[in-house]
Structure formats: C-alpha cells, structure tokens
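Engineer: Please build the complex by placing chain W on the supplied structure of chain U, with the hints as guidance.
Protein chains: 2
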Amino acid sequence: MTRPEKHDFPVVQARHFLEPGPIVLVSSHHAGKSNIMTLGWHSILAFAPSLVGCMISSGNHSFEMIRQSGECVINLPTVELADTVSRIGNCTGSTIDKFAEFGLTAKPAQMVSAPLIDECFASFECKLYDDAMVPNYNYFIFEIVKAHVADGPEHPKTMHYMGDGEFMIAGDVIERKELFTKVS
Amino acid sequence: MTRPEKHDFPVVQARHFLEPGPIVLVSSHHAGKSNIMTLGWHSILAFAPSLVGCMISSGNHSFEMIRQSGECVINLPTVELADTVSRIGNCTGSTIDKFAEFGLTAKPAQMVSAPLIDECFASFECKLYDDAMVPNYNYFIFEIVKAHVADGPEHPKTMHYMGDGEFMIAGDVIERKELFTKVS
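So the protein sequences, as listed, match chains U and W. Residue numbering for the first sequence follows the UniProt record's numbering, starting at 1 and increasing by one per position. Residue numbering for the second sequence follows the UniProt record's numbering, starting at 1 and increasing by one per position.
Possibly wrong hints are sitting among the right ones.
Pairs count within a copy or across copies, as identical chains cannot be separated in the list.
Derived BS3-like pairs (lysine-lysine); straight-line CA-CA distance at most 30 Å [stated by the list, open to error]:
(1) Lys127 x Lys177
(2) Lys157 x Lys127
(3) Lys182 x Lys33
Hints were generated in silico from the structure; no laboratory data involved.
The following block holds chain U by itself, in its conformation from the complex (with noise of 0.2 Å):
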C-alpha cells in the first residue's frame, strides 16, 4: 500500500474532506496501545473552532480509548484500501493490533498521541472539546487541531458507506461558484 507525502492543512478548511460524508478511520491510542475503527456517523459542526461531530457507538472498542484519552485521529481512506476499512469495521481491538494485522504504517501525530495512518490520503489530528453529548448519544465534539493532507491527486476517490456491505465511490466534481453569492 501506498504512503502518500502530505502537507500541513489549514484546520477550518476540514469540511472540504469531511462534509462530503466520507467513510473514515478513526484512530486512538490510550494506555499504551493504539487502535483504528471505521466511522461515518460524522458531520462538521463550525469552521473556527474546526468542530466535528461523531457517533461513537459504546459498543467500540475505541469508545473508552477515545473517551479517557481526549484524543483521536481521523483518517481518510480512498477506494484502493476498501478492503482494509471493511475488515477493520469487522473486527475488535480488544483482541487484535489492527496495526499489525492489516500492515498500517502508525505515524506519530504532532498535537495528540493517537498515531496517524500514513497509507490515507488524509489525517486530522483531534481533542474531545465536548463531551456532554456522550452519555445520551455517544456523540463526541472534537477540535481538529492540526490536519495533513495528500499532495494529491485534488479530487480524491473517497468511500461513502451505504450500509449492506456497500460503499459510493466519489465520482465528478461540479462547481456552481457563480451562483454562490457568499462562497463559503
């Protein structure tokens, strides 16, 4: 599997990866052992701060890693690791080094201790900023703290999970700027 070269990334400019829906991992390290899950219960929540919102099901293994820890990675897989993220969401943490099994290259972040996975296109380094949505939603708001992203290619093929086994493909990209009177 490939390992990008990525460069820094503005934070508030997140939403161009994530508010398209894509199918995410999310990694987390805590006590002394790092961990991936699969996410797309995921939607930006403001610009400045760069907050996003994820449903965590408690069923996770992550969900205490993330919870005790305050941090995460969220990483950006494209459709060449579809394999990968299926078997990843699959799976537990609790009795395997996802790392390991799926041969993922853990790259120490900059800002948080939950390592980055250098074969995605993308990597956003997050903090829990709010966790009072947890104990009736698994719902965690993180502040993106640092983002790396892909040189390229500029439209990258991410996976948007359907349910069922299934994932679209992001395919052609439109622009309408001339009717945006606020371009935002």
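Structural biologist: Frame of chain U, contents of chain W only:
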C-alpha cells in the same frame, strides 16, 4: 423538472441515503409560511429510533421556523437540481417564497406540517427529538418518522458539497459484503 414517483421506505434504513453525506434541502413550515434551506452538516445518530443530527446555523431564516414548529422535512436532491440547490443556498426565505421562486412543488407530508419537495429523489419527514444542543451548537436532533423514496434509479446521483461552490457527485458503487461479519 421531473417529480419522481415515490414509495414508502423503512425509516430505519434512512442511513442508506443519508450516511453517504449528500447535501440536502430542508423544508419547514411555520405561521402559515414554508421555506427551504440547503444543509450539508448532518449525520445519522441511531437506527431505531431513526435519529439524524443537523447543524442549522441560527443565521438561517429556517432556524426559528424549525425550532418553533419542531418539524421539518429532509429532502434529497440529485444533480439535475444543482442550479436550484445552489440558488436556494444563496438567498433568504425572509424575503422570498423559495417554492414559487424556484418552481418547486410543495407536496403535503403525512406526519408533519412541513411540505415534501416533490422534485427530490427522497423525503424524510422529521420531528424534533432533542434540542438540548441547540443553544450551544445550533444542533438539532430529529427523529425520521416517515420516509418516501423514488422508485429508481437504484443509485441516485446525489450531490456532496465540498465548499467553495463545488460539489462531488455520487460515483460508482462497490460492495464488500463478503468481508462483513455482521452486515449493518
């Protein structure tokens, strides 16, 4: 613009259309008036009840209409509506009747006062389920109480907003069912 024939659809399966992250048109009705806004910041939160969280900026005319009425409809447009979606997101319902302005058909819903947008591929009738996050984050949690989905095509060309006047259009669908131990 065509108005696709629709059938009832199980609300617990709404994620099939919303989890991939499309831009949606949220219709509302309050004090005798209807409105429409574009929304990209949403995510599924639960299957049953069928919950979806939406960040609706308080700057939108729809904000108070939805907060007061406690209802809305989440409508799913496809790429044929790209111009209309862009225009709806760049004007305000405080001075414009968007249904009239954009030639859209307000079809009565079954369980809420907000109208369905009949030109859309699907419509999800929603009741406000929890507004605890509205004061801090403008974040509404809705329960989808009724779903209407077009008879076809199987894979609609939904639009996924990237910011800056650009949309990614839904591309190919791949499946990895054989790698899913529990298909959900």
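Engineer: Please write out, lowest number first, the hints stated earlier that are contradicted by the structure.
Structural biologist: Result: hint 1 breaks, nothing else.
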